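**Student:** This is what each chain is made of:
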Amino acid sequence: MGPIDPVQVQAELDARHGLDLYVHLETTTGSYTALGPEKRPPVIAFIRNATVRYERALVTGEGPYRVGLKLDGGWVYAQGLTDFTVNERGELLLAGHDPEGNLRVALQLSQRPFRE
Amino acid sequence: MPILPPPPERIDHLIEGMTLFDPGAESGLLVVLPHPDDESFSSGGTMALASDAGVRVTYLCGTYGDMGRRMGSPFFATRESMRDVRERELADACAVLGARYELLGMRDRMVEFEDPREVAERVRAAIERLAPSTVITFYPGHAVHPDHDAMGLATQLAVESLEGPKPQLLAVAVGDREQLRAKLGPQQVAVDIRSVRQRKLDALRAHRSQTELMFLRWEQQREEDEQTRAFREEMLTVERFYRLNGVPVRPPG
Ligand SMILES: [Zn+2]
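Same order as they appear, the protein sequences are chains Z and R.
Residue numbers for the first sequence follow the working numbering, beginning at 1 and rising by one.
Residue numbers for the second sequence follow the working numbering, beginning at 117 and rising by one.
Calculated directly from the structure, the hints in this document are not laboratory data.
Heads up, a few of these hints could be off.
Claimed, not checked - Below, a list of computed lysine to any residue pairs in the SDA-like style, where the Cα atoms sit at most 25 Å apart: (1) Z/Lys-39 to R/Glu-294; (2) Z/Lys-39 to R/Arg-293; (3) Z/Lys-39 to R/Ala-298; (4) Z/Lys-39 to R/Ser-249; (5) Z/Lys-39 to R/Gln-343; (6) Z/Lys-70 to R/Ser-249; (7) Z/Lys-39 to R/Phe-347; (8) Z/Lys-70 to Z/Gln-10; (9) Z/Lys-39 to R/Leu-300; (10) R/Lys-299 to R/Ala-241; (11) Z/Lys-39 to R/Leu-332; (12) Z/Lys-39 to Z/Pro-99; (13) Z/Lys-70 to R/Phe-157; (14) R/Lys-299 to Z/Gln-10; (15) Z/Lys-39 to R/Glu-228; (16) Z/Lys-39 to R/Leu-219; (17) Z/Lys-39 to R/Asp-292; (18) Z/Lys-39 to R/His-261; (19) R/Lys-299 to Z/Pro-41; (20) Z/Lys-39 to R/Val-363; (21) Z/Lys-39 to R/Val-290; (22) Z/Lys-39 to R/Phe-157.
What the hints assert, rightly or not - Sample of chain R residues lacking proximity to chain Z, with all beta carbon distances greater than 12 Å (derived): (23) Pro-122; (24) Leu-130; (25) Arg-225; (26) Gly-257; (27) Leu-273; (28) Gln-284.
Stated by the list, open to error - Computed, partial: chain Z to chain R, Cβ under 7 Å: (29) Met-1; (30) Gln-10; (31) Thr-28; (32) Gly-30; (33) Ser-31; (34) Thr-60; (35) Gly-101; (36) Ala-106.
Quick caveat: nothing in here was measured; it's all calculated off a predicted structure.
Each residue gets a CB set at the ideal place from its N, CA and C atoms; glycine is no exception.
Next up, chain R with everything else stripped away, as it sits in the complex (with noise of 0.2 Å):
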């Protein structure tokens, strides 16, 4: 087990006046995003309180991860096994999480070549079919991989075209805390998730291809930077999203 510092008592300092999020209060999350591996890392909490407290939860994802370059040591992995062995981990991480999965079968890293109308039709789709009160995606452009913010695109665009009543569309943004807070503000909408940390934890390891290193890393205690320090803590404390609805669709480029 990785040597990790307890929860924080309390997150009042961390959560800055945000409203917290209460996903017993949702009837449906659907979660949309491109990598297996991506839903565990931004909102692997938001979605195991969520079906704790009965929600359905369903991850749409993207691509099969079949990019992924840790092919292990001894190998657990080629090129073209990658995408089995990351569905695998996906199905893992999901039952750890309470969630369903549903795949969109996009070639790894090619989300943005994709038209972005076909994407959010396929999107709507899904969102049509479950009908989720909260959608969680990435924040279109600011989530660093160009497959993060085509699918956060796309979502947005899927939610902005429904007719009738839409979702709540809540954003994850990756990056530099105080880069994004000068950029886009503080977030909106806060999910305690101290009390599922052990899930949360459960569900990366489950992405084993991923996150080997990454517990390696912290069992070890190599990479005790300030910065890696924040990081893990803040992941394993509190999930931070803005709130998309209304915000102006913006085409890459």
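In isolation and in its complexed conformation, chain Z is listed as follows (with noise of 0.2 Å):
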């Protein structure tokens, strides 16, 4: 994982189009939030493996960016992504992190399903 480099980013993107990908989509707040001094709930929301195909897909903002792919009928979207890598299994992993590393947002596309 490294700083989204929006090109390389948009080039992934490309690469992808009209392809059948599998998507992992998450947004959260983590598990114990209520424990903190705020007390708020947990926030979570997570998809994995949905299968979706898309006509045209966009890296857009200054940073943290944000991502869009519009499907055959539908939308995905992401904001607060900060970091990106493609890993050694060929998946384009886009994510949002806080300052201490932890994730907020997740947005991922690849080939193959993801590990269950």
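Take the two lone chains and join them into the complex the hints point to.
**Tutor:** Encoded structure:
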């Protein structure tokens, strides 16, 4: 993982255009926020190994970045992305982290299912 | 090393008439919790004491902890490598505690959505194979995290369903001590872990992805409010358990 280079990320998105892809989309505050000083309930959502195909994909913003995927009949969207990598399995991993290195948002695309 | 106060000289005032648990009198200890690190936080001292006494100690861990969110700064994990990172951490922690570990391989955060009877069946198979004299799990409904509650429930169901002699079932409740006491009364069993304080710390430290920030705050004494100090001191002094045998099973919801 390293800071998002929007040119590189756009190239990775373009390379996956029109392919059948597995998506992992997640946002999280962490599980233990209710024990913190502000006693806020945790907010967590994720979807893993849903399948998508996009006709248009863009990375926008000046950092943190936004990514939108226009699907045939729908959308995938993530805001607050700061870092990316393509891992050894060829999966495109985009994530937003806070200054302590905690994940806040993730958008990941893979041609094979992510490990269950 | 963290700046820690020395252990208290006496724990009598901390245990208030609870039965002191003798790990050396056990013929096998099985800890059943959902996440890598739950074992060290809740019962690391008990596990180390039992292992030192020659008791076979096994940690049956429900998930890979693969939804952990601390990726590090600089990064040591991604969402996809988190499970490998946490399994390595678990192996290191269990080596410190003298325990073996087995993984049930469920998805982190998804335990409560599995069929409790199916999870219970898998826990029961492990109990039958390992024949522990004591099983430790979370107190269902009183463990804060939904995975904790679900794993506790499955373990309670597993022990209930055993034919023949059942192991002692001890449960860890999480949360504010006074609130827990109001709801459940005092814990019945206590383990004095002062002699293995450093081992528990080392095991916690092995779970770096989960505890690095906590240790940093301790070392910098940035969180020296009374509650944090009391939590830390308690965690490194005594491990307390409710006895769950005979407590009616309450399905979730
Ligand atoms: Zn846990």
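**Student:** Hint by hint, which ones does this structure get wrong, listed from lowest number up?
**Tutor:** 4, 6, 10, 13, 14, 16, 20, 25, 30, 34
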